[in-house]
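*Asks:* One letter stands for each residue in the lines below.
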Amino acid sequence: MAPNADLISADLGAYLKLHEEKDLLRFIACGSVDDGKSTLIGRLLYESKALFEDQLSALETESKKFGTQGENLDFALLVDGLSAEREQGITIDVAYRFFSTDRRKFIVADTPGHEQYTRNMATGASTADLAILLIDARRGVLPQTRRHSLIVSMLGVKRVALAVNKMDLVDWSQARFEEIRREYEAFAADLGFTEIQAIPVSALRGDNIMIPSLATPWHDGPTLLGYLESVPVDSGLQALPFRMAVQRVARPNLDFRGFCGRIASGVVRPGDRVRAMPSGVESRVREIVVYRDSRPDAVAGESVTLTLEDEIDVSRGDVLCAVERPAEAADRFLTRLLWMAPEPLQPGRDYLLKIGTRTVTATIGAPRYKIDVNTQARLAAEKLELNEIGVCEALLDRAIAFERYDGSREMGGFILIDRLTNATIAMGLIDEPLNRPGVQPGQRVDRAARAGLKGQRPAALWITGPSAERGSELAQALERGLLARGRHSMSLAEEDLRGSGEEGFRAAVEALKLMADAGLIVVAALPSPRKAERLLARDRMAEGEFVEIFLEGLETGAGYEAPEAPEIRLEAAETSPDQAAARVLAFLEARRIIP
Amino acid sequence: MRKLTHLQRLEAESIHIFREVVAECENPVMLYSIGKDSAVLLHLALKAFWPGPPPFPLLHVDTGWKFREMIAFRDRMARELNLNLLVHMNPEGLAQGVGPFTHGSAVHTDVMKTQALKQALDAGGFDAAFGGARRDEEKSRAKERVFSFRSARHQWDPKNQRPELWSLYNARKARGESIRVFPLSNWTELDIWQYIHLEEIPIVPLYFAAKRPVVERDGALIMVDDERMPLRPGEEPELRSVRFRTLGCYPLTGAVESTATTLPEILQEMLLSTSSERQGRVIDRDSIGSMERKKQEGYF
Ligand SMILES: Nc1nc2c(ncn2[C@@H]2O[C@H](COP(=O)(O)OP(=O)(O)O)[C@@H](O)[C@H]2O)c(=O)[nH]1
Ligand SMILES: [Mg+2]
Numbered sequence: 001m002a003p004n005a006d007l008i009s010a011d012l013g014a015y016l017k018l019h020e021e022k023d024l025l026r027f028i029a030c031g032s033v034d035d036g037k038s039t040l041i042g043r044l045l046y047e048s049k050a051l052f053e054d055q056l057s058a059l060e061t062e063s064k065k066f067g068t069q070g071e072n073l074d075f076a077l078l079v080d081g082l083s084a085e086r087e088q089g090i091t092i093d094v095a096y097r098f099f100s101t102d103r104r105k106f107i108v109a110d111t112p113g114h115e116q117y118t119r120n121m122a123t124g125a126s127t128a129d130l131a132i133l134l135i136d137a138r139r140g141v142l143p144q145t146r147r148h149s150l151i152v153s154m155l156g157v158k159r160v161a162l163a164v165n166k167m168d169l170v171d172w173s174q175a176r177f178e179e180i181r182r183e184y185e186a187f188a189a190d191l192g193f194t195e196i197q198a199i200p201v202s203a204l205r206g207d208n209i210m211i212p213s214l215a216t217p218w219h220d221g222p223t224l225l226g227y228l229e230s231v232p233v234d235s236g237l238q239a240l241p242f243r244m245a246v247q248r249v250a251r252p253n254l255d256f257r258g259f260c261g262r263i264a265s266g267v268v269r270p271g272d273r274v275r276a277m278p279s280g281v282e283s284r285v286r287e288i289v290v291y292r293d294s295r296p297d298a299v300a301g302e303s304v305t306l307t308l309e310d311e312i313d314v315s316r317g318d319v320l321c322a323v324e325r326p327a328e329a330a331d332r333f334l335t336r337l338l339w340m341a342p343e344p345l346q347p348g349r350d351y352l353l354k355i356g357t358r359t360v361t362a363t364i365g366a367p368r369y370k371i372d373v374n375t376q377a378r379l380a381a382e383k384l385e386l387n388e389i390g391v392c393e394a395l396l397d398r399a400i401a402f403e404r405y406d407g408s409r410e411m412g413g414f415i416l417i418d419r420l421t422n423a424t425i426a427m428g429l430i431d432e433p434l435n436r437p438g439v440q441p442g443q444r445v446d447r448a449a450r451a452g453l454k455g456q457r458p459a460a461l462w463i464t465g466p467s468a469e470r471g472s473e474l475a476q477a478l479e480r481g482l483l484a485r486g487r488h489s490m491s492l493a494e495e496d497l498r499g500s501g502e503e504g505f506r507a508a509v510e511a512l513k514l515m516a517d518a519g520l521i522v523v524a525a526l527p528s529p530r531k532a533e534r535l536l537a538r539d540r541m542a543e544g545e546f547v548e549i550f551l552e553g554l555e556t557g558a559g560y561e562a563p564e565a566p567e568i569r570l571e572a573a574e575t576s577p578d579q580a581a582a583r584v585l586a587f588l589e590a591r592r593i594i595p
Numbered sequence: 001m002r003k004l005t006h007l008q009r010l011e012a013e014s015i016h017i018f019r020e021v022v023a024e025c026e027n028p029v030m031l032y033s034i035g036k037d038s039a040v041l042l043h044l045a046l047k048a049f050w051p052g053p054p055p056f057p058l059l060h061v062d063t064g065w066k067f068r069e070m071i072a073f074r075d076r077m078a079r080e081l082n083l084n085l086l087v088h089m090n091p092e093g094l095a096q097g098v099g100p101f102t103h104g105s106a107v108h109t110d111v112m113k114t115q116a117l118k119q120a121l122d123a124g125g126f127d128a129a130f131g132g133a134r135r136d137e138e139k140s141r142a143k144e145r146v147f148s149f150r151s152a153r154h155q156w157d158p159k160n161q162r163p164e165l166w167s168l169y170n171a172r173k174a175r176g177e178s179i180r181v182f183p184l185s186n187w188t189e190l191d192i193w194q195y196i197h198l199e200e201i202p203i204v205p206l207y208f209a210a211k212r213p214v215v216e217r218d219g220a221l222i223m224v225d226d227e228r229m230p231l232r233p234g235e236e237p238e239l240r241s242v243r244f245r246t247l248g249c250y251p252l253t254g255a256v257e258s259t260a261t262t263l264p265e266i267l268q269e270m271l272l273s274t275s276s277e278r279q280g281r282v283i284d285r286d287s288i289g290s291m292e293r294k295k296q297e298g299y300f
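Line by line, the protein sequences give chains A and B.
According to this note's numbering, the first sequence is numbered sequentially starting from 1.
According to this note's numbering, the second sequence is numbered sequentially starting from 1.
Chain B with its partners taken away, still in its complex shape (with noise of 0.2 Å):
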C-alpha cells in the first residue's frame, strides 16, 4: 500500500476542483496576483490540464502600484508558458489619479482592487473565478466555502452559504450569478512553501531577501519602489536586507528584515517566526471583521 502524503493529497484535491469547474462552468478565469499562491494555482492549473494548456484565461487586475518586479515577473511567465493574460486597470480610477497616498488604503483598495475586479469579470461575462485565497489566511476565510457564491453584484452572503458535501460541488446557478472558486482552501502558508520547493515553481524574487530601499513608516518597512512615493520630513530611505511574506501594492505592503535568500532559508524563517504573513498587510488592520465586509462588497 502506498501511503499519500498530505500534500499529495491537497494536490489532489486541488486538482480535482478545477477540472470540475471546467467541466461544469461556461466560462471561467483564473485571478492570477502574481504572489506565491498564485504560482501555486498556476502550478496546479497547469499540472490538472496537461498535456494541454489551462482552458481559461488569466486574469491580473493591476492597481498601478504593484511592485515593479511584480510586473516584470508577470510579463516573463505569460512569455516563457505561453498564457492567455488578461490585464485589467480601473480607468475611472486611473482617470482620476486613484493612489494610496493621495485617496488612503481604504479608497485605494476599493476603486482599484474591488471595483476594478468587479469591472473585469462583467466585461469578460465570467462565470466562474479561481482564485488562491486559503482558509488559514484569516478568520472569514476560514468560513467560506470551496465553491462561493456571488449575486449578480458580486455580494458574498456568509450567513447563507450552500451546504457542500463530501467533494461535490453543486456549480450550478442563475445567469449574472458566479462563483468564487478556492482550489487551495485547505492549504496552509507552511504547504504553499513546501510544495514551492518541493516543485521548484518559480516565484517573484521579492520573496528572497536583498539590499532594498525602505522606509520605516507607522511601524512597518515600506520600500521605495518608485519615486512617486512621498516621503515625509526625516524619512530617508536606508538600504536594508529585507524580504516579504506576502505580495500586493507596494505602499501598502511591510517588508520583514530577513537574510534568507534560498528557499530552505526561508522555511525556516518561516517556520520560527512569531507573526502570521497577514502581519504585513495594511489592509486588514483597519478594523476587526474588515476583510468580511470587503468580501461582501465583492473584493476576492
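Bound conformation, chain A alone (with noise of 0.2 Å):
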C-alpha cells in the first residue's frame, strides 16, 4: 500500500500531481558478501510500504524455507530472485528494485559482492547518483569493501552513504562506529567522493533505516532513508554545452528527414547552430519534434527528433554539438578499463568500441599499469585480466566525438565487445585524447601541436650533481622509463658537445631548445657546475618546462655549486637510478607533462 492513504483517499487530483512531479534517484548498495545489502534493501522496501501483502505473505513462507532469520523474515529473499541465489543465500546479479516515499521515486541496484561478480556489480554502479556502502560493524572495512568504492568512485558517483550495518551485534558501540568511520574516511580521502555519510545501523531490526533508533543517541545525523530522500538530485547536465548522439535518421518521406537520438547535455532550440562531429558540417536547428507536437525547447536527458535547415551529411553515431562549444575528436585516447570476461586482455589484438551510438574497431595496448584495488596502489602489468582495473592507450580506427569521463558519462564512456563471442568484454572510460584533434585550415604547426601528437608536453630534464657518473645513470633510467610508457625522449650528453668552453655550451643549449620545440622529452647529463649555467639553460625554455634535478653528492665536489631551488632534489644514499628514475616520472606526471 502507498504511503499518504489519507491523500489518496481525499484529494486524488492532488496525490497524483504530488507523485507526478517527484524526482528520481537512483542508488546502488554495495559492500562485501553478507554485510547485509539485500536484507537492507527488503528493509527500504518494506518500511516505505513498497511491499503488498501477498508479496509479504510469500515472504513468509519463503522465510521458513530458505531464510537464515530463524522464526523472523528475512528481506533479503524479498531481493534475491533468482533460484540459484535464494538456494545458495547469496546475489549473483544485480537486482533493480523500486520504492517511493512522498517525497522521491527511487530505483535501487542490489548488487553482489563476491568478487567474481564485480561486473554485476559496476552494471549497477554505471546508472548510480549515489552509492550505499555496507560494512559489517563486526568485521570493518574489508578488501571487497575497498574494491567497491574504488568502482564506484571510478564510474562517478560522487555521494557515499556509509552505512554500518549490525550495530545491534556490537553492542551498539559509538566507538566502534567512530573507528569504522575514520579508518574508511582515510582509505576514502582520494577517491573523489564530495561527500561521506556514516549512518550506525540495523537493517535487520530496521534501525535507523527510516526512523531514528533509541539505541544510538550519540548519532546526531539523518536515518537512510531521511539521507536519500534529501540529497540533491541534479546531475548539472543541461548547463553544459548541447551535445546529442544521433541514433538513427528517421526518412518517414520524401519531405521529412529528422535526426533521433537522447540529448546527453544542454538545451537545444529551434534557429541554433549546430555542429556535426566528427565531420565538422554545420546548420541550424528548424524544428523540435516530439511525436505530435513541435517544442519550443528540449533539455539534456530526453528523447527527440530534431530537423535541420541545411541537407547536411550527418548519420548514426555522429554528435550534434552547440557550435559555440563543440565536443572534441580524437582517435588516440589514455583510459581507464574494467576487464570484465574470463580470457584475459591482449594488448594488440582488435576488439569492437562501442560509444554513445558509434562502434568503432579499437586496439588496446598493453596496459601502462594496473590498480590494485586494496591500495590503489599503481602496479607493472603486461595484460588484464577478469575484475581487474587498469590504465591502457585506445587506437581507434577513426576519429570520435567525446567528452572526458569526469565531464560526462553518456560521451565519455564506452565498452568493448569481443568480435568473436559477441561478449561485452570491458566497460572503459575515457581520461584523456592522447593527440591533436583534426588539422585546423590555416593553423600553424607549432611546439604544443608536435608534443600534443606525441602524447605529452615538451621539457627539458637537467640532471646536475657533481657525480658525471651517476648523472649519466639517471639518464639512461629516465629514457628507459620514457619508452615504457610509449613517450619520446632524446638525450643530451657531454660527448654531444661541440667545441669547448662556453661556446660549444651555448651550442647545446640551443640543440636542446630545438629538440623541445620539436615536442620531445629531453634528458640532459651535461657538465654544468656552475649557476649561472643552468640559469641559461632554464631561460631557453618556456615556464614550467624545465626540470632541474639535482643529485647529491656524498662528497660536495670542487668548485661544484650546488642549486638552492631545484624541481627536484635525490639524496645521494637514498636512491638506485631507477627508484630516482620513478620518483621523476611520477612528478612529470603531476605537472602533466606526460600522462
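Please note that the accuracy of each hint is not assured.
DSSO-like mimics (lysine-lysine), calculated; alpha carbons at most 30 Å apart, straight line [as the list claims (entries may be wrong)]:
1. B:K173 / A:K383
2. B:K47 / A:K383
3. A:K17 / B:K173
4. B:K173 / B:K211
5. A:K64 / A:K49
6. B:K47 / A:K64
7. B:K47 / A:K65
8. B:K3 / A:K49
9. A:K22 / B:K118
10. A:K22 / B:K47
11. A:K513 / A:K531
12. B:K3 / A:K158
Hints listed in this document are in silico derivations from the structure and should not be mistaken for laboratory results.
Predicted, not measured: the structure shown is a model, and the values here were computed from it.
Got two chains here, each in a separate frame; can you build the complex from them with the hints?
*Replies:* Here it is, written out as C-alpha cells:
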C-alpha cells in the first residue's frame, strides 16, 4: 500500500500531482558479501510500504524454507530473485527494485558482493547517482569494501552513504562506529567523493533506516531514508553545452528528414546553430519534434527528433553539438578499463568499441599499469585479468566525438565487445585524448601541436650534481622509463658537446631548445657546475618546462655550485637509478608533462 | 532549468531503447499482448518513430482463450492505427484441443504460449522481440537486463547475463540467437497507470469495473466469458461489479470486485490496494521460482 493513504482518499488529484512531480534518485547498495545489502533493501521496501500483502505472505513462506533468520522474516529473500541465489543465500546478479516516499521515487540496484560477480556490480553502479556502502560492524572495512568503493568512484558516483550495519551485534558501540568511520574516510580520501555520510544501522531490526533508533542517542546525523530523500539529484547536465548522439535518421517520407537521439547535455532550441562531430559540418535547428508536438526547447535527458535547415550529411554515431562549444574529436585515448571477461586482455588485439551510438574498431595497448584495488597503488602489468582495473591506450580506426568521462558519462563511457563471441568484455572510461584533433585550416604547426601528437608536453630534464657517473646512470634509467610509457625522449650528454668552453655549452643549449620545439622530452646530463650555466639553459625554455634534478653527492666536489631550489632533489644515499627515475616520472605526471 | 519528472525520464529512456534496437537489429518485432503494458509499449513505439509508423510488426500470440473483449480491442486498434499485426496460434495445440480446463494451466501455458511464441519467432526470423515486462512485476524479472539474450533455442541463462553499462546496449549476437528487449523495465504499475491517464492511452474496457458474470473458484473470481467453461456442481455464474488488474487467458485470470469506472478511480483503488497485481494470475502461484523456470524455457 502506498504511503499517504489519507491524501489519496481525500484528494486524489492532489496526490497524483504530487507523485507526478516527484524526482528520481537512482542508487546502488554495495559492500562485501553478507554485510547485509539485500536485507537492507528488503527493509527499505518494507518500511516505505512498497510491498503488498501477498508478497509479504510469500516472504513468510520462503523465510521458513530458505531463511537465515529462524522464525523471523528474512528480508534478503525479497531481492534475491533467482533460484540459485535463494538456495545458496547469496546475490549473483544485480536486482533493480523500486519504491517511493512522499518526496521521491527511488530505483535501487542491489549488487553482488562476491569478487567474481564484480561486473554485475559495475552494471548497477553505472547508472547510480549515489552509493550506499555497507559495512558489517563486526568485520569493518574489507577488501571488497575497497574494491566496490574504487569502482563506484571510478564510475563517477560522488556521494556515499556509509551504512555501518549489524550495530545490534556490537552492542551499538559508538567507539566501534567511529573507528570504522575513520578507517573508511582515511581509505577513501583520494577517491574523489564529495560527501561521505556515515550512519549506524541495523538492517535486520530497522534501526536508523526510517526511524531514528533509540539505541544510538549519540548519532546526530540523518536516518538512511532521510538522507536518501534529501540529497540533491540535479546532475548539472543542462548547464553544459548541447550534445546529442544521433541514434538514427528518420526518413518516413521525402519531405521529412529527422535526427533522432537522446540529449546527453545542454538545451536546444529551434534556430540554434549545431555542428556535427567529428565531420564538422554545420547547420541550424529548424524544428524539435516530439510526437505530435513541435517544441520550443528540449533539455538533457529527453528523447527528441531534430530537423535541420540544411541537407547536411549526418548519420548514426555523429554527435550534434552547440556550435560555440563543440565536442572534441580524436582517435587515440588514454583510458581506464575494468576487464569483465574470463579471457584476459590481449594487448595489440582488435576489439569493437561502442561509445554513444557509434561502434568502431579499437586496438588496446599493453596496460601502462594496473590499479591495486586495496591500496590504489599502481602495479606493473602485461595484461588485465577478469575484474582488474588498468590504464591502457586505445587506438581507434577513426576519430570520434567524445568528452572526458569526468565531464560526461554518456560521451566518455564505452564498452569493448569481443568480435568473435559478441560478449561485452570491458567497461572503459576516457581519461584524455592522446593526440590533437584534426588540423584546422590555416593552423600553425607549433611545438604544442608536435608534442600533442606524441601525447606529451615538451620538457628539459636537466640532471646536475657533483658525480657525472651517477648523472648518466639516471639519464639512462629515465629514458628507459619514458620509453616504457610510450613517450618520446632524446638525450644530450657530454660527448654531444661541439666545441669547448662557453661557446660549446651555448650550442648544446640551442640544440636542447630545438629538440624541445620538436615536442621531445630531453634528458640532459651535461657538465654544468655553475649556477649561471644552468640558468642560461633554464631561460631558453618556457615556464614549467625546465626540470632541474639535483643529484646530491656524498662529497661536495671542488668548485661545484649546488642549486638552491631544484624542481627535484634526490639524496645521495637514498636511491638506485631506477628508483630515482620513478620519482622523476611521478613528478612529470603531476606536472602533466606525461599522462 | 527545466526539471524532468520521473515519468518524463522513463519515457525518454524507453524511446531511446526502441530506437537502439531498430538501429542495430535486422528484424525486430513487438510482442503485443493487448494488456495495459502493451498499450503503453505501443504508445511509446508510436512516439519513438513519429512521424513514421513503428518500423516493425506487432505479434499477438493467441492462446484461443483470451477474453473476447481483448480480441475485439486488438482488432480495433490494428484497424484504427493501421498496424502491421501478426496473430499466431499453435496449430498442433489447436488440433489437440489444448486448453486450461482439459489440460491444466501448466500444459496450456507451455503449449499455447511458450511453444507458440517460439514457433512465431522462428517462423518470422525475428532477431529482437520487444516485450512489456517490468522489473517490479516479479523477482526474477527484477534481475533481467533491458537487452536479454536468448540462445538459438530461446533459452535464458540468468547466471551469465551480459554486463549492461549506462545506456550502452550491446545488441550483437550470433546467427540464430535473439534478444528480448524490455523498454518498460524501470516502470512500476503505478507509473503505467499514471502514464495511461496523462497520455489518454486507450485500454481494454475490462480494466474498468462493470457487471460481469463470475464464479468463485479456488479463491479467485473467474469470469464466464464463453460457453466453453465447464461449471462445477453448485457453481452458478452471478453478475458482480468487477474489473481486472491484469489480462490474460480468461480461465486463468482472477477479477477483483470494484466499482472503479474511471482512470482516477482505478488509480485510487490501486494506491490503496494491499495486494499485488500478480495475485490475480494463476500461473505464478504454481511454485516459488516458477517464473524464472518458465523464462528459461522461453516464456516471455
Ligand atoms: N544481526 C543482524 N544480522 C543482519 C543484519 N543485516 C543483515 N543481517 C544478516 O546477515 C546475513 C547476510 O545478509 P544479506 O542481506 O544476505 O547480505 P548481502 O550478502 O550483503 O546481501 C543474513 O543472514 C542477514 O539476515 C543486521 O543488521 N543485524
Ligand atoms: Mg545480497
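*Asks:* Given the hint that A:K22 pairs with B:K118, test it: the Cα-Cα distance must not exceed 30 Å.
*Replies:* violated, 40 Å
*Asks:* Take a quick look at whether B:K173 and A:K383 sit within 30 Å of each other, Cα to Cα.
*Replies:* holds, 26 Å
*Asks:* Below or equal to 30 Å on CA atoms is what counts here, so check A:K22 against B:K47.
*Replies:* holds, 23 Å
*Asks:* When you check the alpha-carbon spacing of B:K47 and A:K64, does it fall within 30 Å?
*Replies:* violated, 47 Å
*Asks:* For the pair supplied as a hint, B:K47 and A:K65, is the alpha-carbon distance within the 30 Å limit?
*Replies:* Cα-Cα ~46 Å, so violated.
*Asks:* Verify the proposed pairing of B:K173 with B:K211, using a straight-line Cα cut of 30 Å.
*Replies:* violated, 49 Å
*Asks:* Quickly compare the C-alpha distance for B:K3 and A:K158 to 30 Å and report which way the hint goes.
*Replies:* OK: B:K3 and A:K158 at ~21 Å, within 30 Å.
*Asks:* Mind checking the alpha carbons of A:K64 and A:K49 for me, to see if they're no more than 30 Å apart?
*Replies:* The hint holds at about 22 Å.
*Asks:* Between B:K47 and A:K383, is the straight-line Cα distance small enough, at 30 Å or below?
*Replies:* It is violated: about 46 Å lies between the C-alpha atoms, which goes past 30 Å.
*Asks:* Just to be careful, I want the Cα atoms of B:K3 and A:K49 compared with a cutoff of 30 Å; is the pair within it?
*Replies:* Status holds; Cα separation ~27 Å.
*Asks:* Between the alpha carbons of A:K17 and B:K173, is the straight-line distance 30 Å or under?
*Replies:* violated, 43 Å
*Asks:* Holds or violated: are the alpha carbons of A:K513 and A:K531 at most 30 Å from each other?
*Replies:* OK: A:K513 and A:K531 at ~19 Å, within 30 Å.
Of the numbered hints listed earlier, those contradicted by the structure are 2, 3, 4, 6, 7 and 9.
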